[in-house]
Structures are given as structure tokens and as C-alpha cells.
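What follows is each chain in one-letter form.
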Amino acid sequence: RKEVEQDPGPFNVPEGATVAFNCTYSNSASQSFFWYRQDCRKEPKLLMSVYSSGNEDGRFTAQLNRASQYISLLIRDSKLSDSATYLCVVDSWGKLQFGAGTQVVVTP
Amino acid sequence: NAGVTQTPKFQVLKTGQSMTLQCAQDMNHNSMYWYRQDPGMGLRLIYYSASEGTTDKGEVPNGYNVSRLNKREFSLRLESAAPSQTSVYFCASRRPGESTDTQYFGPGTRLTVL
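So the sequences go chain by chain: A and B.
Anchor point for the first sequence: position 17 equals 17 in the working numbering, and the numbering is continuous, going up by one each time.
Anchor point for the second sequence: position 91 equals 199 in the working numbering, and the numbering is continuous, going up by one each time.
One or more hints might be untrue.
As the list claims (entries may be wrong) - With a straight-line cut-off of 25 Å between C-alpha atoms, the simulated DSS-like cross-links for lysine-lysine are:
id : chain 1 : residue 1 : chain 2 : residue 2
1  : B       : K179      : A       : K45
2  : A       : K95       : A       : K2
3  : B       : K117      : A       : K45
4  : B       : K122      : A       : K95
5  : A       : K2        : B       : K165
6  : A       : K79       : A       : K42
7  : A       : K95       : B       : K179
8  : A       : K42       : A       : K2
9  : B       : K165      : A       : K45
10 : A       : K42       : B       : K117
11 : A       : K45       : A       : K95
What the hints contain is simulated information worked out from the structure, not anything from laboratory work.
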């Protein structure tokens, strides 16, 4: 079983719509959680950290459910520029575990 | 401030050839990392260096060696390349304080082994 699992998608989203997807992790001792964004053939870049109480950054909302061991990302009012692969990253004692990513395609 | 740089950007090797991937960061980070990314899989850690002078194996170290030349530079060497090492390689660094701080990635090296 993979340490971090994501639905690979693609999630096809009309511009202006809302999309949400989850990531599950296997290590209950994991301490920190992040969402990274990766554009085609580019390096991953931090989108946002995920805090226990949930957090927002503009149109992006991240949630953490420790009991069920998953994190989620919701994108509101999707823009064409949101098209990318979103990587779920879990930090366990300084070691980052990466999910394979969820592809989001925003269409006009 | 260039961040994390990697060379080369692209490379094609024949089976059995050797090469070194170079990585440098100008952010004064203590920790540096080498990952590989294959289709349908998350980034997998090859080797990391928590500080200058130390290196440790990650999840998939076989077939690779590393050198932490100084605080800025961390190189990855393939001694005898195999087709299974065809991948995109990313170098990353992490800022002092470590704990939950994020990693910054270089632009990647796309390696094909024929």
C-alpha cells in the first residue's frame, strides 16, 4: 500500500466551478501536511500548508481529518490557470512522502 | 537569488555510461535532497543530506551515489546507467529550522537511458 494515495483524475472542471479532491495517508504519526502544485514538466511548488483547523488561501481551502487520515483541497471559482497536477505531501519526522498527484483541467 | 539550479536540463545516455547531475542552491539551506519522478508515481527520495558533510539513503538509493561538496552543492552520480533509471530528477533544499518548513525544488533533469 502506498504511504500517500490520490485519485489521479483528471478532474475536468468548467471555468468558474468548484472542484474538490482528497488524499489519504497511512502513517497516523504524520505531523505536517502540504499541497504542492506541479505544472506540466515543471518542478513542484508549494501551494499551501494544511493546518489542523483547516485553512484558506484565496480561492483554495485545505482541510485535515486526522481521525480518517485524509486531507482535502477545494478550489472555488476555478480559473484556466488552475490547470495543473496537485500533489499531496505528508511530513513524517522530516521525511516528505509525496502522492502521485491529482490532475485538474479547467475548461473554458 | 537563483534558488535551486540543476544541470543539465536534458540528458540521453546509453546503458552502462556514467554521469553526474549537478545541483546548487544559494538560499543558505542546510538540507538538500535528490528525488526521482516517474509517471503514475509520487516523487521518491533517492538520497538526502541533512547538513554539509553528511549524506543518507532515501527510499530508492540503489544505482546512485551522492556527494555534498559544500553547503551549496549536492551532486548525484549514476555509475553505470540502466534503462530503469530513465526518469525526471529533482533536487530540493530546505531552509534552516527544518521542522515543517517547505522544500524548494530545482527545475529538474530529464534523463533517458537507452
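Verification of the supplied hints:
{"no.": "1", "hint": "K179/B x K45/A", "in the structure": "holds (22 Å)"}
{"no.": "2", "hint": "K95/A x K2/A", "in the structure": "holds (15 Å)"}
{"no.": "3", "hint": "K117/B x K45/A", "in the structure": "holds (18 Å)"}
{"no.": "4", "hint": "K122/B x K95/A", "in the structure": "violated (33 Å)"}
{"no.": "5", "hint": "K2/A x K165/B", "in the structure": "holds (19 Å)"}
{"no.": "6", "hint": "K79/A x K42/A", "in the structure": "holds (19 Å)"}
{"no.": "7", "hint": "K95/A x K179/B", "in the structure": "holds (20 Å)"}
{"no.": "8", "hint": "K42/A x K2/A", "in the structure": "holds (24 Å)"}
{"no.": "9", "hint": "K165/B x K45/A", "in the structure": "holds (24 Å)"}
{"no.": "10", "hint": "K42/A x K117/B", "in the structure": "holds (11 Å)"}
{"no.": "11", "hint": "K45/A x K95/A", "in the structure": "holds (17 Å)"}
In this structure, only the earlier hint numbered 4 is contradicted, and the remaining ones agree with it.
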